[in-house]
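K.L.:
Single-letter residue listing:
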Amino acid sequence: MAKIIVVTSGKGGVGKTTSSAAIGTGIALKGHKTVIIDFDVGLRNLDLIMGCERRVVYDFVNVINKEATLSQALIKDKRTKDLFILPASQTRDKDALTIEGVQWVLEELAKEFDYIICDSPAGIEKGAQMALYFADAAIVVTNPEVSSVRDSDRILGILQSKSKRAEEGKEPIEEYLLLTRYHPGRVASGEMLSVSDVEDILAIPLLGVIPESEAVLKASNQGTPVILDSESEAGLAYMDAVDRLMGEERPLRFLEVQKKGFIKRLLGG
Amino acid sequence: MTDSGFRLKGSVVTTVLLEIQTFSIDDIVFHLKEKINQVPHFFNQAPIIIDISKMKRGIRLEEFEELIQSVGALGLGVIGWRCDPEALPVWNASVTVPLLPASKARPINISPAIKEETSPDVVVKTVVEERLVPQSSKVITKPIRSGQQVYSEGDLIILNQVSAGAEVLADGNIHVYGALRGRALAGVKGDVEARIFCKSMEAELVSIAGSFMLSDALQNIVWKDSAQVLLVDDSLEIVPL
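From first to last, the protein sequence lines are chains L and Y.
According to UniProt numbering, the first sequence is numbered sequentially starting from 1.
According to UniProt numbering, the second sequence is numbered sequentially starting from 1.
Please keep in mind that the hints were generated in silico from the structure rather than gathered at the bench.
Do not take every clue at face value.
What the hints assert, rightly or not - Per the computed footprint, the stretches of chain Y lying under chain L, defined by three or more beta-carbons under 8 Å from a beta-carbon of chain L, are:
#1 141–148
#2 158–167
Said to hold, decoys possible - Here are the simulated BS3-like cross-link-like pairs (lysine-lysine), alpha carbons at most 27 Å apart as the crow flies:
#3 L/Lys170 with Y/Lys199
#4 L/Lys164 with Y/Lys138
#5 Y/Lys9 with L/Lys126
#6 L/Lys126 with L/Lys81
#7 Y/Lys142 with L/Lys170
#8 Y/Lys56 with Y/Lys138
Claimed, not checked - Just some of the chain L residues that point at chain Y, by a computed CB distance under 8 Å:
#9 Arg154
#10 Leu156
#11 Gly157
#12 Glu199
#13 Ile201
C-beta: ideal position from N, C-alpha, C; glycine also.
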């Protein structure tokens, strides 16, 4: 049985799609057959981050409406084995998603895949609720600032009350915190919330801390998931997060302000 | 969210029962109006059931519909009607409001003499029960997240945190064995003896029986520390624990 993981946040622009792409790729790299679904109908982005925008023919809504088969709509990733993308429709809106339709697609995918990553749209309305409804686990993407933390808290409440597991009184959705765009320097100067501040407010297990990095923007523009960039701190931090998601122990990295180099210290740092 | 877009749930609503004994539309409207004027808030939009099981003579459909109209015009909402199942009128299926099953409570037989004496035109029976039994408290183990609201008719005991943007309300006391960052309102039905206890006071608002204090004021008294909130001579007191 496939594990359905929703990547959600409440707030927009915190890195849900970047994280979905990176984590989905990371899981596939570990040899698990993985599909990433873009639930952001009308604001399709995942295909750009994954660099497969020119290969989109059919989409999620076409499959729901039975205008195309799943195998026609699924795009096989060119770089990573075992990784597929189900793109969102750009010409429709969230109302095109129905609970029966989404359930059917997920059931069909579950027959073939080990992991289904649902890239949620921002907000707490229908689109976001559809993405999280069938989830077994949730990765709550949060930036270290108050409004993002507040919105994450809100979405955690929705996970507890409006998911299928909650409605059926089953074991609740596993919740994980993924702190993105973390800037140790700005935390040290008090401009940003620290890891412990966010953990204290949200009180869910920490999956990882992704440092703010130029590499993320570069990777997005190139259409390559940042996790494939093993030179970058962000890529390594995502790999750590995937390892933890798979149940491995990994110490947190990149939380400290970079030490000044020898020359800088010599010059009176 | 469900497949069908709705959920069916059982619910118990306190209603007013209008038990008709002798039918005279003018008398009923007159006396009912008098009753309503005494306690207008209670009757405003109150759900009401018309009971004709105690009527000695039968009633015609036109008369009954007129009664429903008139009661509705007084600002009450007729949600159904009842009659003796043995004497079900032939027109029972034509009434615009649903026929409700007869009350299970059997009337106590009192001697005919007394019965004759006490037969006013209209008896407005309120089925509001005086509940003397203390309400049980509600215990919550999960965090209360932003946007969530929890209410207890008795005490509310939360073994976790209350996030900013969440709201916890209780007719009785509120205990929060974690950080209280949202709003806590104790004694919402006016109990001035109610109190709020929390392990870490970081609330947006605390209120007891309508007297409230905002976080700005709280920060000057107790902040990020255990505290209790109580009402002393109509003013809120925040006391460290």
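K.L.:
Give a verdict on every hint.
P.N.:
We went through each hint and held it up to the structure:
1. 141–148: Satisfied; 7 residues make the cut.
2. 158–167: holds (count 6)
3. L/Lys170 with Y/Lys199: Violated, at about 30 Å.
4. L/Lys164 with Y/Lys138: Within the cut-off at roughly 24 Å; holds.
5. Y/Lys9 with L/Lys126: holds, 23 Å
6. L/Lys126 with L/Lys81: violated, 33 Å
7. Y/Lys142 with L/Lys170: holds, 15 Å
8. Y/Lys56 with Y/Lys138: violated, 48 Å
9. Arg154: Hint on L/Arg154: holds, closest Cβ of chain Y at ~4 Å, below 8 Å.
10. Leu156: Given a least distance of 5 Å, the restraint on L/Leu156 holds.
11. Gly157: At about 3 Å, which falls below the 8 Å cut-off, the nearest Cβ of chain Y leaves the hint on L/Gly157 intact, so it holds.
12. Glu199: Result: violated, 12 Å to nearest chain Y Cβ.
13. Ile201: holds, 7 Å
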